[in-house]
Every structure is written in structure tokens, then in C-alpha cells.
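K.L.:
For reference, the chains in residue letters:
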Amino acid sequence: MKTFIKSVLIIISVFVLNACQTTKTAIFDQYTYQKTIEIKIETESLMDKANTPYNQNLQEIGELLQEVKTVMEYEKNRPNNEITYNMWRLLCEKDKNFIVGFLNQWQKSGTVSTTFIPEAKGQISEAFDLLIKYEVKKDKTNQGLLSDFINANN
Amino acid sequence: MDIDKIFNQLKEELLGIFNNSFKDLKGEAKKDLEEFLVQSEEKLRRWTLLLASGDITQDEFAWLVKSQKDLMLFHTLYATGVSKIKLGHFKNKVIKTIISTIIALI
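Same order as they appear, the protein sequences are chains A and B.
Going by numbering that gives the first Met the number 0, 4 is the number at position 5 of the first sequence; the sequence numbering is gapless.
Going by numbering that gives the first Met the number 0, 44 is the number at position 45 of the second sequence; the sequence numbering is gapless.
Possibly wrong hints are sitting among the right ones.
[As the list claims (entries may be wrong)] Derived DEER-like restraints, expressed as beta-carbon distance ranges:
no.: 1; chain 1: A; residue 1: Asn76; chain 2: B; residue 2: Gly53; range: 46 to 52 angstroms
no.: 2; chain 1: A; residue 1: Val135; chain 2: B; residue 2: Glu33; range: 19 to 25 angstroms
no.: 3; chain 1: B; residue 1: Ala103; chain 2: A; residue 2: Lys136; range: 29 to 35 angstroms
no.: 4; chain 1: B; residue 1: Lys65; chain 2: A; residue 2: Asn79; range: 27 to 33 angstroms
[Stated by the list, open to error] Think about it this way: if two alpha-carbon atoms lie no more than 30 angstroms apart in a straight line, the pair counts; the simulated BS3-like pairs of lysine-lysine are:
no.: 5; chain 1: A; residue 1: Lys93; chain 2: A; residue 2: Lys48
no.: 6; chain 1: B; residue 1: Lys92; chain 2: A; residue 2: Lys136
no.: 7; chain 1: A; residue 1: Lys34; chain 2: B; residue 2: Lys85
no.: 8; chain 1: A; residue 1: Lys93; chain 2: B; residue 2: Lys90
no.: 9; chain 1: A; residue 1: Lys68; chain 2: B; residue 2: Lys68
no.: 10; chain 1: B; residue 1: Lys42; chain 2: A; residue 2: Lys39
no.: 11; chain 1: B; residue 1: Lys42; chain 2: A; residue 2: Lys95
no.: 12; chain 1: B; residue 1: Lys42; chain 2: A; residue 2: Lys34
no.: 13; chain 1: A; residue 1: Lys68; chain 2: B; residue 2: Lys83
no.: 14; chain 1: B; residue 1: Lys92; chain 2: A; residue 2: Lys95
no.: 15; chain 1: B; residue 1: Lys30; chain 2: A; residue 2: Lys68
no.: 16; chain 1: B; residue 1: Lys65; chain 2: B; residue 2: Lys83
no.: 17; chain 1: A; residue 1: Lys139; chain 2: A; residue 2: Lys48
no.: 18; chain 1: A; residue 1: Lys75; chain 2: B; residue 2: Lys65
no.: 19; chain 1: B; residue 1: Lys95; chain 2: A; residue 2: Lys95
no.: 20; chain 1: B; residue 1: Lys68; chain 2: B; residue 2: Lys85
no.: 21; chain 1: A; residue 1: Lys68; chain 2: A; residue 2: Lys132
no.: 22; chain 1: B; residue 1: Lys90; chain 2: A; residue 2: Lys95
no.: 23; chain 1: A; residue 1: Lys75; chain 2: B; residue 2: Lys85
no.: 24; chain 1: A; residue 1: Lys120; chain 2: B; residue 2: Lys95
no.: 25; chain 1: A; residue 1: Lys139; chain 2: B; residue 2: Lys92
no.: 26; chain 1: A; residue 1: Lys139; chain 2: B; residue 2: Lys42
no.: 27; chain 1: B; residue 1: Lys42; chain 2: A; residue 2: Lys23
no.: 28; chain 1: A; residue 1: Lys95; chain 2: A; residue 2: Lys39
no.: 29; chain 1: B; residue 1: Lys68; chain 2: A; residue 2: Lys132
no.: 30; chain 1: B; residue 1: Lys42; chain 2: A; residue 2: Lys48
no.: 31; chain 1: A; residue 1: Lys136; chain 2: A; residue 2: Lys107
no.: 32; chain 1: B; residue 1: Lys68; chain 2: A; residue 2: Lys34
no.: 33; chain 1: B; residue 1: Lys90; chain 2: A; residue 2: Lys68
no.: 34; chain 1: B; residue 1: Lys92; chain 2: A; residue 2: Lys93
no.: 35; chain 1: A; residue 1: Lys39; chain 2: B; residue 2: Lys92
no.: 36; chain 1: A; residue 1: Lys34; chain 2: A; residue 2: Lys23
no.: 37; chain 1: B; residue 1: Lys68; chain 2: B; residue 2: Lys90
no.: 38; chain 1: B; residue 1: Lys30; chain 2: B; residue 2: Lys68
no.: 39; chain 1: A; residue 1: Lys75; chain 2: A; residue 2: Lys120
no.: 40; chain 1: A; residue 1: Lys139; chain 2: B; residue 2: Lys65
Don't read these hints as lab results, they were simulated from the structure.
Here a beta-carbon is modelled for each residue, glycine too, at the ideal position from N, C-alpha and C.
Construct the complete structure from the given sequences, taking the supplied hints into account.
P.N.:
Written as C-alpha cells, this is what we have:
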């Protein structure tokens, strides 16, 4: 009888848990956190050079885009990580005015004005800060309360 | 150049996005986004003045204004993510309560 009650209650808990699947969020990831900060700093220092011709900075631009591509692939494959992945997608979309949008503007005009650089940098930095802030808000450990309970009672 | 006219038009557009995307938001998330709107106002005024003084080109001005609209999307994602985390914490509390009840009953 005791086992039966226990089983029924566990099944109820499983239903509760399943009903809340959509709230699952990836846990904090040290690699993501570090890489986001690194790429933010690299982007800012590259933007500081945007008053020089775009073609003179091709190597650095290529390296930055490659790094961004690697992080995006990593974020795409982390489970329950849609929000962070979508934030990276926004940062890199051609028609959004963040990293790639800035590079397009730079390429189009050859150089950009020195007054424009800090203003654009502020916009992109704000987006990066939200990414970093969101990663920090994530739980540091996976709280598998139900599985802990099941394991402890088997 | 009528700075106030340009500014009011931009503000209306941002408010439109705000009302469509955040009508269901409450508490901290809503406060964050209201703060974003205040910051948008300051930025738009500054950029309009930079354009009027010739410190930035029309292209650059348009780029900055669009980037502010794009940032709004970024804030939407952030607010959604934070709400999801909070909901997850609530879920954990519910499960914890169920587990405590089970333990007490057995």
C-alpha cells in the first residue's frame, strides 16, 4: 500500500513537471560567459578602427566573424538555450544594426565618422551587456528535484 | 530641421513596438522596458542634434535609429528569458512542496 501511494504521488509529480517543460532554461555556462565578454571587447576594439579604411582591417574582421560563428554554433546546440541563441542571431543578422550591420555600414562608406563610432559602440555594447546579464541570471546548477527524490526513494 | 517632430515620430514608433510586445509584462520586466524608453528619448535627442550639426551623416543617423529599434527586440528577448527563469523557480518550489508532502505522508 505504501509503495502504491508513493507511486501515485510520483506520477502526479511527473505530470506537474511535464506541464512545466516550457519553462526549462539552460544553466549558466562559464564558456559562454567568458567568450561573450571576449567577443564584446574584440568588437569594441575593432569598431575603434572604423575611421580607417574597411579594406585595411579585413584580417581582424574575418577573425571576429569566425569567432562569432563558433560561439553561435555552440549556443545553438546547448539544450533549452533558445533565448541566448536568438540573441546571438540578432547580433549577427545582416538586416539588424549590430555587429554585421555595423560592418556593412563601414564597408559601404569605406570609413565612418569619429562621432558615429562611440554612438554605435554604445548600441552594440548594450546588446552584449544584456547577453552577459542574462547568462549570469541563469541557475548555476540543474535543480533536478524530482529525480533526486526518485533516486533517494528507490 | 524640426527636431521635436522627428523625435515625436520615432517615439511613437517605439511606443508602438513596446505596446505590442510588452502588454502582458508586469513588475521588474516592465520597469526595465520603461527605463529603456526613457533612455531612447535621450539618445534620439542627442543623435538628432549630431545630425543637425553635421557631426554624423544621414546614413549614420538612420543606422543609429534603427539600432535602437533592434535593441528593443533584444530587450524583449531578455525580458522573456528572465520571466522564464522566474517561472522555472516557481515550478521548482511547487515540486519541492509536492515532494515534502509525499515525504510527510509516507
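K.L.:
Each of the hints needs a verdict: does it hold here or not?
P.N.:
Each hint, compared with the structure:
1. A:Asn76 / B:Gly53: 46 to 52 angstroms: Holds - the Cβ-Cβ distance for Asn76 (chain A) and Gly53 (chain B), about 48 angstroms, lies within 46 to 52 angstroms.
2. A:Val135 / B:Glu33: 19 to 25 angstroms: 22 angstroms, holds
3. B:Ala103 / A:Lys136: 29 to 35 angstroms: Distance hint for Ala103 (chain B), Lys136 (chain A) holds at roughly 33 angstroms.
4. B:Lys65 / A:Asn79: 27 to 33 angstroms: Holds - the Cβ-Cβ distance for Lys65 (chain B) and Asn79 (chain A), about 31 angstroms, lies within 27 to 33 angstroms.
5. A:Lys93 / A:Lys48: 20 angstroms, holds
6. B:Lys92 / A:Lys136: 18 angstroms, holds
7. A:Lys34 / B:Lys85: 25 angstroms, holds
8. A:Lys93 / B:Lys90: This hinted pair is violated, its Cα atoms lying about 38 angstroms apart.
9. A:Lys68 / B:Lys68: 24 angstroms, holds
10. B:Lys42 / A:Lys39: Holds, at about 21 angstroms.
11. B:Lys42 / A:Lys95: 18 angstroms, holds
12. B:Lys42 / A:Lys34: Roughly 29 angstroms between the alpha carbons, so the hint for Lys42 (chain B) and Lys34 (chain A) holds.
13. A:Lys68 / B:Lys83: 26 angstroms, holds
14. B:Lys92 / A:Lys95: Answer violated: Lys92 (chain B) to Lys95 (chain A) is near 39 angstroms, above 30 angstroms.
15. B:Lys30 / A:Lys68: 33 angstroms, violated
16. B:Lys65 / B:Lys83: 28 angstroms, holds
17. A:Lys139 / A:Lys48: 37 angstroms, violated
18. A:Lys75 / B:Lys65: 26 angstroms, holds
19. B:Lys95 / A:Lys95: 43 angstroms, violated
20. B:Lys68 / B:Lys85: OK: Lys68 (chain B) and Lys85 (chain B) at ~26 angstroms, within 30 angstroms.
21. A:Lys68 / A:Lys132: Given pair Lys68 (chain A), Lys132 (chain A) holds - Cα atoms ~21 angstroms apart, limit 30 angstroms.
22. B:Lys90 / A:Lys95: Since the Cα atoms of Lys90 (chain B) and Lys95 (chain A) sit roughly 35 angstroms apart, the hinted pair is violated (cutoff 30 angstroms).
23. A:Lys75 / B:Lys85: Holds, at about 22 angstroms.
24. A:Lys120 / B:Lys95: Roughly 45 angstroms separates the two Cα atoms, so the pair is violated.
25. A:Lys139 / B:Lys92: Since the Cα atoms of Lys139 (chain A) and Lys92 (chain B) sit roughly 17 angstroms apart, the hinted pair holds (cutoff 30 angstroms).
26. A:Lys139 / B:Lys42: It is violated: about 35 angstroms lies between the C-alpha atoms, which goes past 30 angstroms.
27. B:Lys42 / A:Lys23: The hint is violated at about 36 angstroms.
28. A:Lys95 / A:Lys39: Holds, at roughly 17 angstroms.
29. B:Lys68 / A:Lys132: 20 angstroms, holds
30. B:Lys42 / A:Lys48: 23 angstroms, holds
31. A:Lys136 / A:Lys107: Roughly 38 angstroms between the alpha carbons, so the hint for Lys136 (chain A) and Lys107 (chain A) is violated.
32. B:Lys68 / A:Lys34: 26 angstroms, holds
33. B:Lys90 / A:Lys68: 34 angstroms, violated
34. B:Lys92 / A:Lys93: 42 angstroms, violated
35. A:Lys39 / B:Lys92: Violated, at roughly 36 angstroms.
36. A:Lys34 / A:Lys23: Given pair Lys34 (chain A), Lys23 (chain A) holds - Cα atoms ~23 angstroms apart, limit 30 angstroms.
37. B:Lys68 / B:Lys90: 33 angstroms, violated
38. B:Lys30 / B:Lys68: 18 angstroms, holds
39. A:Lys75 / A:Lys120: 26 angstroms, holds
40. A:Lys139 / B:Lys65: 35 angstroms, violated
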